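Asker: One line per chain: the protein sequences are H and D, in this order.
Oh and the first sequence: position 18 is 18 in the working numbering, straight run, nothing missing.
Basically the working numbering = 1-based index in the second sequence + 466.
Misleading hints may appear alongside valid ones.
Said to hold, decoys possible - If you want the ones that stay clear, here's a sample from chain D, every Cβ over 10 Å from chain H, calculated:
hint: 1; residue: Val530
hint: 2; residue: Pro604
hint: 3; residue: Asp710
hint: 4; residue: Ala809
Said to hold, decoys possible - Computed list of lysine-lysine pairs in DSSO-like fashion (alpha-carbon distance at most 27 Å, straight line):
hint: 5; chain 1: D; residue 1: Lys677; chain 2: D; residue 2: Lys826
hint: 6; chain 1: D; residue 1: Lys923; chain 2: H; residue 2: Lys33
hint: 7; chain 1: D; residue 1: Lys677; chain 2: H; residue 2: Lys457
hint: 8; chain 1: H; residue 1: Lys457; chain 2: H; residue 2: Lys360
hint: 9; chain 1: D; residue 1: Lys923; chain 2: D; residue 2: Lys677
hint: 10; chain 1: H; residue 1: Lys33; chain 2: H; residue 2: Lys211
It is worth saying that the hints were derived from the structure and are not from the lab.
Fair warning: this is a prediction, and the values are worked out from it, not measured in the lab.
By construction, the Cβ of each residue, glycine as well, lies at the ideal position given by its N, Cα and C atoms.
2 protein chains.
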Amino acid sequence: MSMSDARGARERLVVIGGDAAGMSAASQARRLKGPDELEIVAFERGHFTSYSACGIPYWVGGDVPGRDRLIARTPEEHRARDIDLRLRTEVTELDLDRGRVRARDLDSGAESWTSYDKLVIATGARPIRPELPGMDAPGVHGVQTLDDGQALIDTLARARAGGRAVVVGAGYIGVEMAEAMINRGFEVTVVNRGEEPMATLDPDMGRLVHKAMEGLGITMVNDAEVTSLPVGDDGRARGVATADAEFPADVVVLGIGVRPETSLARAAGLPLGEYGGLLTDRSMRVRGQENVWAGGDCVEVLDLVSGQQRHVPLGTHANKHGQIIGANVGGDYATFPGVVGTAVSKVCDLEIARTGLREKDARRAGLRFEAVTIESTSRAGYYPNASPMTVKMLAELRTGRLLGVQIVGREGAGKRVDIAAVALTAGLTVEQMTALDLGYAPPFSPVWDPVLVAARKAAARIRAAG
Amino acid sequence: MSMSDARGARERLVVIGGDAAGMSAASQARRLKGPDELEIVAFERGHFTSYSACGIPYWVGGDVPGRDRLIARTPEEHRARDIDLRLRTEVTELDLDRGRVRARDLDSGAESWTSYDKLVIATGARPIRPELPGMDAPGVHGVQTLDDGQALIDTLARARAGGRAVVVGAGYIGVEMAEAMINRGFEVTVVNRGEEPMATLDPDMGRLVHKAMEGLGITMVNDAEVTSLPVGDDGRARGVATADAEFPADVVVLGIGVRPETSLARAAGLPLGEYGGLLTDRSMRVRGQENVWAGGDCVEVLDLVSGQQRHVPLGTHANKHGQIIGANVGGDYATFPGVVGTAVSKVCDLEIARTGLREKDARRAGLRFEAVTIESTSRAGYYPNASPMTVKMLAELRTGRLLGVQIVGREGAGKRVDIAAVALTAGLTVEQMTALDLGYAPPFSPVWDPVLVAARKAAARIRAAG
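Only chain H is shown next, with the shape it has when bound in the complex (with noise of 0.2 Å):
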């Protein structure tokens, strides 16, 4: 039976994928039409909704007691709001002549189409996995859903303990998974293609964040490309093969990154931008689309810095997007101007943010710049506790305008960079950012905020280059 032969004379709206996209759409077009107006039917092909992937790494670390603890929305909450969710079933293909999509029951197999007025795409990303021998042995792990975390959680508790973990990649997922596997008790190595670790840092900043993985007792592996996963006797990973060393592992964990999962979206001909995600105006609609919005890790967003189309995963713009187009879908207005591209992580006590341009990014936007670094301290020098913080900012020429801020530092080093995410919104100047106001106690900064002094240096630094 198909399911279109149910539909009364309310609309329906159709959302493919039950994560936080798919479910804040559905969540905020239901406050706003009750089910008399509007009958909303959500397709995810897991077994879970709402939930927090970037929360995985610390359920496995240790520091989440539970899977639960990550779900921010069960799928009995969402149905008792009037939103018909199917769980397992994967939507296989979308009509957009007919207005409709088809799904299939992964349990079953059974397909049926069903028929939409408006559709959200919110079908996320999927881990890169490179096609490597022994990518797919057991002991090798993906972090991308709770079940990989799962997955990954029962192999460790196989382990012995003081085992060895190697990491491949060394980007947010990759130090994040590190601190897990040490908190975990394994000792772990972090194998790297990049020339230093976190490559959404310029190079020189990364080099502190290599430094300062290795005093954590993380053994840094860079300029490495993995050539094979070897297997054992058991056929279980026993470690991760490069050209020029292997690195013998009880666990390999892949933090690779991810790629818009937009194969359906392509298939149907929709358009997608130079990473493959989706392209959306500011309402979160499908470019050339009448009825049809996206959102969250398969779409591609605008860079406010570069004024360029970017893909940026990350669930608290998955959040605004879903919530934005719930508005939209509603009958409300909401737009989604773009990011400037920041985001923070730690391994252990280590802290890493960075926001706006790196110098690679500011070349391609055709982007002339100055760039200085800072030291400075996230209290009072004389303050307990006040731990170094080292900043780095770049400025355009000529008009001075704020660029990027990237900052590695201990406590309070990461959330700093919130400070130049507003003020690249706002396009202040750093001229400008000498003069904010910034909240001082000893406790709490330096009498010069550290962003402050990296301002005051960039200001400078542009002033002579005239």
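Guided by the hints, dock chain D onto chain H, whose structure is given.
Answerer: Leaving out everything else, chain D in the frame of chain H:
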């Protein structure tokens, strides 16, 4: 002998006041002009230069091991940079017509005139000391200067362990001194004239501070006007009396606040504002004067949100003023646009922050507004040590412009106010703020940062108000 006899062809800069604003101005001027071009004479009536008065509570409380840690630059260091620094020398008269100041050596009593080409007034603030019986008794302590701090520490050393401290005043200094007394092992009572502590917050937010202080074991007495400081048979303070009660004390600490120290300026006919502070232009030059600058706690500043003048005695502003004055005196160019009124403080693990306008400030400025308050957490709810945080936000009707933010919480609450401080500086609306790209990861923030949650609620309220 008059100092002016020694003048040659080079210009002479005279600085009155050797703390943050005065010595920053002197140092910056010296950076720009060598001793062959510019002679610099600085008068300071105390024993110290360039010290952090904001750090005194932490020195008294024991977090900072010694007085010298609070001194950013010693007299010897200033002198080594060719600044003719005269300690224990009080300027007693400004003669603007003849371009000279009269100064008295406080040890010898000798007076002499010193002429200037350029003058910087950085006379700071003086603590408010109501004229009450017992106010000058031993055991009653202000905490404005390093000498004050040492005297208090001496009294505390004499007091028995587990003694009683009464703090008069519940502003920043009062609550910080309450923490210091707790850290020294005293039973602490805070006697406060206002309805709630922290009058720089709205009373509803001050109420949260009140409750939290009680939770820390501090006895909080509000709506209590001090009538006298009773003195014991030994001539030392033995308590604090109000109309209704007497609070026994082994030590009394005054944390009542400060007023601009502008008696010299007033006598010389310089322009003072509503709060008794000097009025300057954007270059920190005293209004109507060609060669006289002023900065730090003795000036009033423009509040960028209300458009009115305010007195905001704070080391971070004093340092900025000094840099700006020094740049202008030294032939460079810099301006101080004004403040948004950011302040942050803590009592033990309670963090208190505010920026922009309180409800009564907004009314006084003729602004109509909506105010919202939200509860959130410092980290993702499932992450260890996520602590509750209350954020209050004011937005102007019609325009939706952010007017102010107040935050009370634990770790991570205080410096979050910087997000709002930058938004106020940039004139963002709360609707714009809902899209801010703030740093998100579970150890740093919920997926919706508390400031975003407040902005969303405020924006909805503004829309509803039409």
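Asker: Each hint should be assessed against the structure and marked as holding or not.
Answerer: Now the hints, each set against the structure:
no.	hint	result
1	Val530	5 Å, violated
2	Pro604	28 Å, holds
3	Asp710	33 Å, holds
4	Ala809	7 Å, violated
5	D:Lys677 with D:Lys826	22 Å, holds
6	D:Lys923 with H:Lys33	19 Å, holds
7	D:Lys677 with H:Lys457	43 Å, violated
8	H:Lys457 with H:Lys360	21 Å, holds
9	D:Lys923 with D:Lys677	25 Å, holds
10	H:Lys33 with H:Lys211	54 Å, violated
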